Every structure is written in C-alpha cells, then in structure tokens.
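Asker: Here's the letter readout for the chains.
2 protein chains.
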Amino acid sequence: MSKTVSPLAPKSFPALPAIEGVRIATAEAGIRYKNRTDVLYVTLPKDTAVAGVFTRSKCPSAPVDWCRKNLAKGTARALVVNSGNANAFTGKRGAEAVKLTADIAAEAAGCRASQVFIASTGVIGEPLDAAKFEGVLTACEKKAKPTAWLDAAKAIMTTDTFPKVATRTATIGGVEVTLNGIAKGAGMIAPDMATMLSFVFTDAPIAAPVLQALLKKGADKSFNCVTVDSDTSTSDTLLFFATGTAGARGAPTISLPSDRRLKEFRSALESLLCDLAQQVARDGEGARKFVTVKVTGATGATSAKRIAMAIANSPLVKTAVAGEDANWGRVVMAVGKAGEPAERDKLAIWFGDIRVAVKGARDQEYDEAKTSAYMKGDEITIRVDLGLGRGEATAWTCDLTKAYVEINGDYRS
Amino acid sequence: MSKTVSPLAPKSFPALPAIEGVRIATAEAGIRYKNRTDVLYVTLPKDTAVAGVFTRSKCPSAPVDWCRKNLAKGTARALVVNSGNANAFTGKRGAEAVKLTADIAAEAAGCRASQVFIASTGVIGEPLDAAKFEGVLTACEKKAKPTAWLDAAKAIMTTDTFPKVATRTATIGGVEVTLNGIAKGAGMIAPDMATMLSFVFTDAPIAAPVLQALLKKGADKSFNCVTVDSDTSTSDTLLFFATGTAGARGAPTISLPSDRRLKEFRSALESLLCDLAQQVARDGEGARKFVTVKVTGATGATSAKRIAMAIANSPLVKTAVAGEDANWGRVVMAVGKAGEPAERDKLAIWFGDIRVAVKGARDQEYDEAKTSAYMKGDEITIRVDLGLGRGEATAWTCDLTKAYVEINGDYRS
Chain A
1 MSKTVSPLAP KSFPALPAIE GVRIATAEAG IRYKNRTDVL YVTLPKDTAV AGVFTRSKCP
61 SAPVDWCRKN LAKGTARALV VNSGNANAFT GKRGAEAVKL TADIAAEAAG CRASQVFIAS
121 TGVIGEPLDA AKFEGVLTAC EKKAKPTAWL DAAKAIMTTD TFPKVATRTA TIGGVEVTLN
181 GIAKGAGMIA PDMATMLSFV FTDAPIAAPV LQALLKKGAD KSFNCVTVDS DTSTSDTLLF
241 FATGTAGARG APTISLPSDR RLKEFRSALE SLLCDLAQQV ARDGEGARKF VTVKVTGATG
301 ATSAKRIAMA IANSPLVKTA VAGEDANWGR VVMAVGKAGE PAERDKLAIW FGDIRVAVKG
361 ARDQEYDEAK TSAYMKGDEI TIRVDLGLGR GEATAWTCDL TKAYVEINGD YRS
Chain B
414 MSKTVSPLAP KSFPALPAIE GVRIATAEAG IRYKNRTDVL YVTLPKDTAV AGVFTRSKCP
474 SAPVDWCRKN LAKGTARALV VNSGNANAFT GKRGAEAVKL TADIAAEAAG CRASQVFIAS
534 TGVIGEPLDA AKFEGVLTAC EKKAKPTAWL DAAKAIMTTD TFPKVATRTA TIGGVEVTLN
594 GIAKGAGMIA PDMATMLSFV FTDAPIAAPV LQALLKKGAD KSFNCVTVDS DTSTSDTLLF
654 FATGTAGARG APTISLPSDR RLKEFRSALE SLLCDLAQQV ARDGEGARKF VTVKVTGATG
714 ATSAKRIAMA IANSPLVKTA VAGEDANWGR VVMAVGKAGE PAERDKLAIW FGDIRVAVKG
774 ARDQEYDEAK TSAYMKGDEI TIRVDLGLGR GEATAWTCDL TKAYVEINGD YRS
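Residue numbers (this note's numbering), protein chains in the order written: chain A, 1 to 413; chain B, 414 to 826.
There may be inaccurate statements among the hints.
[Stated by the list, open to error] Taking lysine-lysine pairs in the DSSO-like style, the calculated list, with each CA pair at most 30 Å apart, reads:
#1 B:Lys-707 / B:Lys-789
#2 A:Lys-402 / B:Lys-707
#3 A:Lys-346 / B:Lys-471
#4 B:Lys-815 / A:Lys-402
Calculated directly from the structure, the hints in this document are not laboratory data. Keep in mind the model is a prediction, meaning the values are calculated, not measured.
Please take these sequences and the hints and turn them into a complete structure.
Answerer: Laid out in structure tokens, this is it:
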C-alpha cells in the first residue's frame, strides 16, 4: 500500500450491504508485509454457484491452475486470497502450497478442498509458505462478519493506493437482489505486486453456466477494456459467486442465459464491473490522469476495440497526456499501428469536445489555447472517428508518468 | 538534437569511403530548427537501382506513399530527406508538398520527378512548406561531395543524440564493392520527432528486384528486431540504392536473388543493417542500458521472435532493467503474455551468464549479489530457453527510464 493516494481515487467509499450467507474476515498471516492484513477469507453458503475468468497468460500462477480445475464443478464454499506473494512460477511447490491452503480452508469451512477458491497476488517466483494459514483461517471462520467488505478490499491490496469496492441492486422476477464487488490492481498488470484480482458476490439464484456466460460477457465490456501498461499478469482472476439466498425471498432460479428476467441483473453486473475496472485504471501506477478512449466509425466492434486498445496502450500517447499535450499526431500513429482498416483522409480526432483533426489534417478551427486548458484536467477523453462504418468501442487507461518508472524501477528487495 | 549524448553512443565514427557516382550535400532550409542542417540531398548516377521497405502503419506519411508508388519503376536519381517536419497526416496538401519537393529536386538533378525519393521526419500534422527547398536543392547539387556521409547522418537527426553511420565491404565475383549506410531514430518509433529512417548505398551492380529481396530479408533480421517503445511510426523508411558503378571495375551484374556470388554481399548487408539498427536502440529515448533479448528452444522461429519482442516491449521488464533489478518474474510474465507455446515447468532464464530460473522455479544456486553486479553494467543480455524446440530469435531494445517520460511528456511547442 502506497502512502500517497492516487489523485483520481474516489472521494468516499459506498457502504456495501450484507449478502445473506456470505461472511468475511481478514487477518495478518505475515506472508510478506508487516502491520497490515494480508489474508482475506470469505465463507459462502451451501450450493453457491461460481463462475470465473482468468489471465490468458501461457504461464499462469498455481492458484489460477487450481481455480480453473475446480470451476467445472460449479460450486464454491470458501474464498481465500492472500497478498504479498503471487505463488506464480513456483513449480511443483506452488501447486503443493495451493493444495495445503485449500485443505486448511476446507477444514475451517467444513467443505471439500475442491470447493475452496484461491487467489494470490504479490511477488512472483518466491515459494509461498502456506503453513502460515494454519490456525489463521480457522480463526477467520470464527470471527467472519457479513459486512466487512472494505476490510476485504484492503487486505488484498499491493501497490494499490485505495481499496476498490462497488455495489448494485437489480430485481429478478420482482425480487431485489444485491451485487457486491471488490477488486485490486494498479498495473494492468504487473506480475510483481500489481496483479488484477476481482471478486463479485450476489444473492441471486443463478445456475453456474448462466453465471459464467454473464461474467464472460461482462468482463469483455469492463476489465478487458482497461489497460495500464499492456502487460498481462500471470495471475489475473475474476470470480463471481451466487449464493442463491434470495431464493428464500422469492427470487426465481435462473437456469438459462437467455432468460429475460436477467435483463436488469445483467445491466447491474456490467455497471458494477465497469466501476471496478475504471477504479483499477484510476489507481494505475503513477497515474495522474484518467483517460477514456472512444472509437467510433470503425468497420466493426472488434476492429474498434483493437484501435482503442492500441491508443490506450501507446506509451507515446500516454506520455503526451502526462505532459498535458493534445498530441493528436501520436493518436494517428496509434490508429495506424493497430493494423485495422483506417483511411487517413477520413479520420477525425477530438480531445474532449474539441475537434483537433478532420479529413486527414489539422482542423483549421482548432484552438490551441482551449485544447491546452482542457488537457490540464484530470479526466481526459480522446475520441477517434474512422468514418468507415458503425463499429464502436471504449477503453480506459491512465497517463504514463515518471512515477510509473519510479515505482517499477525500484529494486524488489 | 539533444545536448546530452547517450551513454551508449559509439566512442568514434568510422570514416565512410566514397561510392562512385554518389554525391552528398546538406543545407539549412529553415523547416523548423534554427542553426542546424535540416535537408539532405543525395545525387545518384543514371540507372541506380532502388529497393525499399516502409512502415506497416495504416496511416502512412505522404513521402511514404510517394516512395511506394515510384519504387515499382526501380530506378532512382536523387534522394531528399528533411528533418523538422514529417509531412504526415497533412492530407492533400501533404501530397502536394511531396510533389513540389520532387519537382524541385528533379530540376536540380536533371531527372524525372518519379526518380526522386523522399523522406521526412519531425513533427506530425503540420503542413510542410516545400517552397523552402526552392534554390536550396540546386545549391546542394552544385556543392555535393562524395564523402559527406557524417554530415548526411547529422542533417536527418531529430531527438537522436548521435549520428548513425556504418560501412562494410564485400566481394562480388572477385571485385570489392562497398556498402555505406546512415540511419536516424531514437524512439521505435515516435511519429513526433523520432521516426526511424535509414538509407543504404552500394556501388554493386544489382538489379532492383534482387535488391528488394536482399533488403526485405535484411530488414527482418535487423530493424524489425529492434524496439524502443513498441510504437510504430507513420514514416519508417529504409531505402537501398545500388549505383552499379562497380561494374566498370569488373563486378558482375546480379539479376537473380539466388546468385551464389551474393553470399558475401548478403552477409555484409545484414551486418551493416544490424549495426545501424542497434545504434537506434542505443540512442533510444532516455536509454541508459542496451538490452539484448535472446530466445531459444521455441517451437519455431516466428514463435521465438514473438516471445523475444514481447519481452523487449514490456514496460515492466524495461523499467526493471532501468532499476538494475534482475526481475525474472517479469520476464516470465512477458513470455506468458506473448500467447505462444510455453510451458512454465520447462522455462529457464539467464541474465548474462547467470541462470536465475530453471524448470518453472527459481534456480537454487542463483546468487543475488552476483546478479545485482551484472545488472549494473550498461549492456544487458536476457536469455530465455523454452525447452520445447529449436526456434531461436534475438531482439534489441533499451531500458525505460524517467528520461523517456520526460522527453515524450514535454509539450510540443
């Protein structure tokens, strides 16, 4: 946890309500940090459905391997997350540490080890001493409380400068259900101390395959639209737990992704995931400005997304934003390198509401002073219209500052 | 031109010999800079064959469009390069400026406009006032000299901190021929003041299609293996001119790429291109360390190249090198994100000769103190063996320092 909070942090945190059957505890297991919590334990009621999406890295962490394997069974009873050590690139010992963690948690929660979901974040390549969870998780089970959400978000922080929480409600078949989410991440994604993790909980009675479909689509519209530095973690994990406890209050069980009663729930989920994803970009390492990149007029949605990400990932665009420079030349460069259909002479570019370029050249009416004033703000929107079709996409990122280099250039130990 | 020369700059510059029929002049056309040369004019003898490779950007500059169009004709009589303005994203006016430049140069050189090759580097999106070349190029034609190579390299510099030149000789059919090359570039590649340009000249009598084949292959092994910041310019241009003047000394004319007499020439060309490409990385914006990334044991050469570039492009790997941190966890991350076949438990990683990781975990015998000492040097080699096959590749880059952010975060005007 950094001492200097990002200037883009929210001014206050929402109070997350209880979700029936979900209880939360945090503890100091002494994995790596001193004088702060580093373990999150969440206990879940029987028959909790689970869905997950994970890093596309070809070298995933041991906990990612574990979660992937157990996801197929579709039920969860406990979640254990530690910060300080990512248990990634730890070979056979890493897999053994995950198994030991699951065994300890299973005993505490009174469930099977395969029902325990695990995530780890922190330094890579160091063996994780899971024996440190012995006793700690049993104590957690005893003291777990329904509304310790902010504590949960704090326990999983690494280089994050603020905890990330969000909550939404929706009705399913006339019954109100709740969605609560927490996230951490400050690089998208540094394997060393800045992995992206997010956990979402709901009391809605939704079958695991439906949950998986909702989560995958939601992730594509949220976390997969955020970048801090284009680096993909070994450990990225987004898990979604549905306790089904709202069923007792009359919420219908949803077993098909096409069920129309999901409409409001789907929107609420996407809104919650976007909220958390944007918080990650707002806490991007060294970030001083939050950047929204909107691409319109592309030949298709996939093409628009690739162009938006090329802009959002460009070190030159991001350093220009840091320097408060409306450098649309670099935006053109990034459009060009995306490899997607683009015609120079149809391109138009805006910073905020100010059109700076049109039809392949500088806008004659563009006002440098007005643009400079806009670039001094801490929320910058870059819009590109390709003038080719109807494809649209949005990406979120932050500027690239000297502080990013400082944070990541510091020696590990 | 920066006042602080890169610590990785060569200690001295080789003297490049004359190439019969090639004459060089530079001038101050006042495009943007004050008190320095900003135009390079090269006159070439009749029947000079030309080949070129260009940026893959979908939004190329007007000069790139011009060169591509005229390359098909295969002959060149003049080269005009200006620094200070890239003539990119300048719409119809940009194309008109290129045409005017070609007309002025054609009159000076006594050739057709289509035989004039043009490149521009500098700020993007500003109209280029080509009328400034009027008179200047005629004066250049009069004063052009055969050995002004270092002046040529200096006139095309933008954020470069040193001029880039290289020379080689080879024999073709027993006759010695010369290859001279110049390059500029300090970001790979910033469109705003740091585009990569390179021009290579030889007196060997080689037909244009053969020249093109040699150049394409050579570029793949040199410039296409270098990255500073993963950003692709609108203007990257590599041109290769063969005057054929060595024919008068008995060098045979080569009209097939498969001609065995090219063997030595091909090696000399590749060596020259690698030399220039590495100089670009050594002058990377803010660079303090030159980094070689070697990948072995991949399933194929393409796979190895993608993995090498993923490592060389990773901001986290590059900031770690800047921080003198042998952070192999970030190397694993970069291998993982490349999307190529990789098995965590077969990976091995070296910094220099020191093996830091093996079989999916930290090397038990790895000595932190020894590794730290190695990381303090200014030439760092990162080697990754995937243990899967025989695919190999090498990439060159530099570290990512605060100075990079500073250089690129400064306001344009």
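Asker: Decide, hint by hint, whether the structure agrees.
Answerer: Hint by hint, here is what the structure shows:
1. B:Lys-707 / B:Lys-789: holds (19 Å)
2. A:Lys-402 / B:Lys-707: Within the cut-off at roughly 28 Å; holds.
3. A:Lys-346 / B:Lys-471: Holds - the C-alpha atoms of B:Lys-471 and A:Lys-346 are around 12 Å apart, at most 30 Å.
4. B:Lys-815 / A:Lys-402: holds (5 Å)
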